[in-house]
Amino acid sequence: MSTASELKRLYLKGKNRKILAILSIFLVLLIIIVISVSLGAGSPRFNEAIQVILSKLFPFLGFDPGPQITQTIIFEIRLPRVVLAVIAGAGLAASGVAMQGVLKNPLVSPYILGISSGAGFGAALAIALGIGVVTQYGGYIVVANAFVFSILAMLMVYGIARLRGVTPESVILAGVAVGYLFSAMLSLIQFIAPEHAAVRAVVFWLLGGLSTATWESILIVLPIVLVAMALIMRHSWDMNVMSLGEEVAMSIGVNSKQVIVMCMALATLVTASIVSFTGVIGFICLVSPHISRMMIGSDHRFLLPCSIVLGACLLLCADTLARLVLMPSEVPVGIVTALIGVPFFLYLLLSRRRQFWH
Amino acid sequence: MLIIVVSSYGVYRLYVSSENGSQKETVTVVDQTGVSVEVEVPVERIVNIAPGAVEIICALGCGDKIVGRDTYSTFPPSMSEIPIVGESSFSPNLELLLELKPDLVIADEGLDAENRKKIEDAGVPVIIEMFMEPRLTTCIGNLGLILNAEEKADEFIDFYEYYENLVSERIKDVASTEKPSFYFEWYMPWYSTRPGDSWDELLVAAGGTNIAPEGPISDPQLSPEFIAEQNPDVIVRMLTRMDGEDIAAFQALRDDILNRPALSETTAVKEGKVFVIKNAVLVLRRPIGLLYLAKWFHPSLFEDIDPTAIHEQMIQKFFGVELEGVYAYP
Amino acid sequence: MKLVINKLSFHYNGFPALKDVELEVSLGEVLSIVGPNGSGKTTLLKCINRILKPKHNTVLIDGKDTGEIGLRELSKMMGYVPQNSTSTFPFTVFDIVLMGRRPYIHWSLSERDKEIVAEILRFLGIDKLAMRHFDELSGGEQQKVIIARALAQQPQILLLDEPTSNLDIKHQLEILCILRGLAQSKHCSVIVAMHDLNLASRFSDRMLILKQGRIFAVGTPESVLTEENIESVYGVKSQVTNSVLDRPQVTPLGSVANGVENSKIASEITSKHK
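Chains as they are written, first to last, in the numbering used here: chain V, 1 to 358; chain R, 1001 to 1330; chain W, 2001 to 2274.
Because the hints were derived from the structure by calculation, they are not lab data.
Each hint can be trusted.
Partial pick of chain R residues on the chain V-facing surface, computed with a CB cut under 7 Å: (1) 1221; (2) 1226; (3) 1261; (4) 1262.
Below, simulated EDC-like cross-link-like pairs (lysine to aspartate or glutamate); rule was C-alpha separation at most 16 Å, straight line: (5) 2128(W) <-> 6(V); (6) 1270(R) <-> 1255(R); (7) 8(V) <-> 2113(W).
Example chain V residues on the side facing chain R (calculated, C-beta under 10 Å, incomplete): (8) 74; (9) 323; (10) 332.
Every residue, glycine too, gets a C-beta built ideally from N, C-alpha and C.
Bound conformation, chain V alone:
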């Protein structure tokens, strides 16, 4: 018969191991960031990169940032891209965990609410109607429209789900229906739109790309993602409890319906704001939670931070590879995320270990 303090100690040990795991992944992320900033189709490497960054962070310390071109490459091209990859990876992973936790299904992603189809449709609509030019900046209209339509998609899902009561089953079914609806409308636009270029634009959205990253776009995406992620993490306990079933959750004081709606809205917000700028990047929101769950268990208090850091790692890796593998051309990042995510996932699945970290 163990004493209470022994039990607490055991529990603490498990908890500490999990925290250690998360910190290790965070460390890996930092390393990948450093590597990413040091590599690219341009010539600046690690030394120049460090010089530029330090000179911007601590201007009074007199670091020589080097020629203007180096500064432009590091500070205006590479760094924003790396930062956006980290933010997008983190946000997508967080919304993946939120959706899976709340719908109690490890196979859902935020895209199941029709967000990707909605965003793609919104973007294509703006382009096809000639409202938004497909440019980095004029593209803000396209971005805004993509965002609006993904939110619209989520609202439709919510509205339909409410007809039969907001449960995981109704949300998933409604999401699939709405997703197909927008997919079909998207195909219709591709069919009607006056130029093949609309098709190309849609392909861009569906494959995803971080090449349009600027500090301005980060300034918009970052606060939304940060705030939403924080709010999602506040629901960690609720997501744990909800896995026991709706009725039991209620008896423990958790209103499942409210939590589902809240997390759905937050996940949509995060995903929509990311997707509007980067197009649809798949797999991160599915693979990152899965791998994290295998490593660290289902307790959302640890699952969320782990997924977030892992998602950032994965996307940053993928984007760096996308930039480097066929220099100076770039590969759409969505292709790379598939190629990275799937084999890793299969490996973990086949190695039959439930949890690496107790």
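Got chain V sorted already, so can you dock chains R and W onto it with the hints?
Relative to the frame of chain V, chains R and W by itself:
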């Protein structure tokens, strides 16, 4: 004896000419796919599903023979009356097309083999052509032959070749180090063209050098830092109808490039040498595009050339209408 | 803490599941709810803890309508152990019991939370299982974990829906003893819906028989478990004797619907063995 010889010869001649008269004349050309196509002439009813190619047919003076067109064939304005039988060669509506009982169908490589066979099985010859260099002059010549408009075709080809030669002459003595480097972008940010691709070929003919390297991917999406480092002297951005047709659209595209942080340090942006050009003058009206590009690349060598005026001339001469719209900016 | 139920009625889409149920449960009492399938046992439990929403002022705790008490506050007063337990994601025993502390947790866990969980695990004798995964456990162990989870809420009323239906006799006794002990020592009330009349008889202070959503009888097991009542409610002829534990024991003989024949066979069997 002489009378018998003369009259029998006369009878023979009559017999021969009546044979000839009941036989329809045909013209055979080899189209872009290498197929020998036999076309019965004269051709009275033409369906064109090669995007925009009605222009060429009209320039050859056979605009009135067009009975069906594709969605993109909207110039000259008289074409708006003609029924549409398909968006492009990719997706022709065969029923509509055959209903119009054409004598000839002109398409581009988008037409797949099955569709081609179906049209040919219905007794209608199909010519597949690429209305771009290096095939453009040949296909204009072929069309001239078929449509019995060889004179007009020659005129057209002469017009083209005059300006091609003018440009190549003036830039032939420019050393390769003097040629401005260019970054060409089309459709989406950072999408460019690689050496050997069609856009690249045109810009090189105008006397520029592409910053993009050779590589396995055609129309590659280039890394912004690569472009920044290559520091192009000139940036050319293509505009399509989808981006808008008024001057504001041109300005928007130009401003976008001028404002991109990644390009802020390039010579092109710093010196304002960012140009936007409409795709219409890069393909079918190639000489005009060529002139604009040459003037942008080598302003001192082409000071006397006004591409807009020449464009107006061309439209007036071959189509009999006024030139409308913006095609290049600034 | 006094639970009062006033004229509780509940409809499922027009189908009346409960009608005019009136009940009072005081602290430290074990009340078992019995009745045929579909008589409304589960519905009654769910109405008490507001998983189902009855009309106003029908369920009162210390005079307050449960409808007015917030979900979180209510979960500090009542713990619920359902008939079937699932967990979509794998959790350890400790984690699951810890979830019962949710009503008290605002930001992070306190030492006290962990202590309470540890104590409960010891009390139920499942402390050795603390770091094991829930789905690896046997039925009896799982049931204890779920009860532990409900206890972690520190409730004053514990509601259980057929907690022993799938257990062997050893675990059945264990669990019911624990529940009875809880009621007596910790001064909480235990309301259990059960099938097994004899177990209910043995471990309850009072029994309530539901028939077609109405209270058929309520009172001590002796007063409630009569041969007439059982025949009336279940349609079964039985013999009620006093068991060695000084509680009524029901021996079912034959169902009345089949007429005299069944009971004739039954009485022949019993007479043979006399």
